[in-house]
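Trainee: In case you want the letters, here they are:
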Amino acid sequence: MRTYELIFVVDPRVSDEDVVTMTQEYKQMIAHGGSEITSEENWGRRKLAYPIEKLTEGKYVLLNIQSQGGKTSLPEVEHRMRQNDKILRYLTVRTDEDLKRAARRKPSPSAGSPSASSEPAGDEDLDTGEEI
Amino acid sequence: MARPRKVFFRRRKVCKFCADKIDYIDYKDVKLLQQFIPERSKILPRRISGTCARHQRFLQQAIKRARHLALIPFTTD
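Just so you know, the sequences run in chain order A and B. Per the working numbering, the very first residue in the first sequence carries number 1; after that it's consecutive. Per the working numbering, the very first residue in the second sequence carries number 1001; after that it's consecutive.
Hints in this document: simulated from the structure, not taken from any laboratory. We put the beta carbon where it would ideally sit given N, CA and C, even for glycine. A hint or two may mislead.
[Claimed, not checked] Part of the chain A face toward chain B, derived, beta carbon under 7 angstroms:
(1) Y4
(2) E41
(3) G44
(4) L48
(5) M81
(6) I87
(7) R89
[Said to hold, decoys possible] Below are the DSSO-like pairs computed for lysine-lysine, each with C-alpha atoms no more than 27 angstroms apart in a straight line:
(8) B:K1028 to A:K47
(9) A:K47 to B:K1064
(10) B:K1031 to B:K1064
(11) B:K1021 to A:K54
(12) B:K1042 to A:K27
(13) A:K54 to B:K1042
(14) A:K54 to B:K1028
(15) B:K1064 to A:K54
(16) B:K1028 to A:K86
(17) A:K47 to B:K1021
(18) B:K1016 to A:K54
(19) B:K1021 to A:K86
(20) A:K54 to B:K1031
(21) A:K27 to B:K1016
(22) B:K1064 to A:K100
(23) B:K1028 to A:K100
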């Protein structure tokens, strides 16, 4: 099981409703690929740190995605985003490994035993049952 | 102990992330990242901030991601 974060910046001239429908579309694509959207954040209008295409603001949308192992449709989603010129920026980050690493180091002084002690090599899904 | 003359007082620098036990540096945490990008928006070097190598690496990654998303600037002029 993998978790991803997908964040994208939309042209501020696009209305809020259209942003929602656009997000809906991408969410559908992701769901179609067998992944699940665990949470969604709409940051709304935000000032950009530097102008992109002469725009000074952008609308940020963040999706937290959980894949059920195997394939996801994220490459296709990214492809679509690249072609959509209403999207100024997007970024997909795989977060499960980093979060797991962070979680492993944190509880070590208090509770040592229940943490994942078996860590065999391999990139296949290890269901340690650890909630992040 | 038996040190000749000039004794510099240098504050011992401690890695902020080790001290605060932060192990995942989030690129969305602009406030945190901003502490490591001075005026010209360059990444603050380790020798100044005292960040340990490991955390500097994570920090660097986070800053670059944040820059891509225009959360923090590449430069300021």
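Trainee: Which earlier hints turn out false for this structure, listed by number in ascending order?
Mentor: 1, 2, 3, 5, 6, 11, 12, 17, 18, 19, 21
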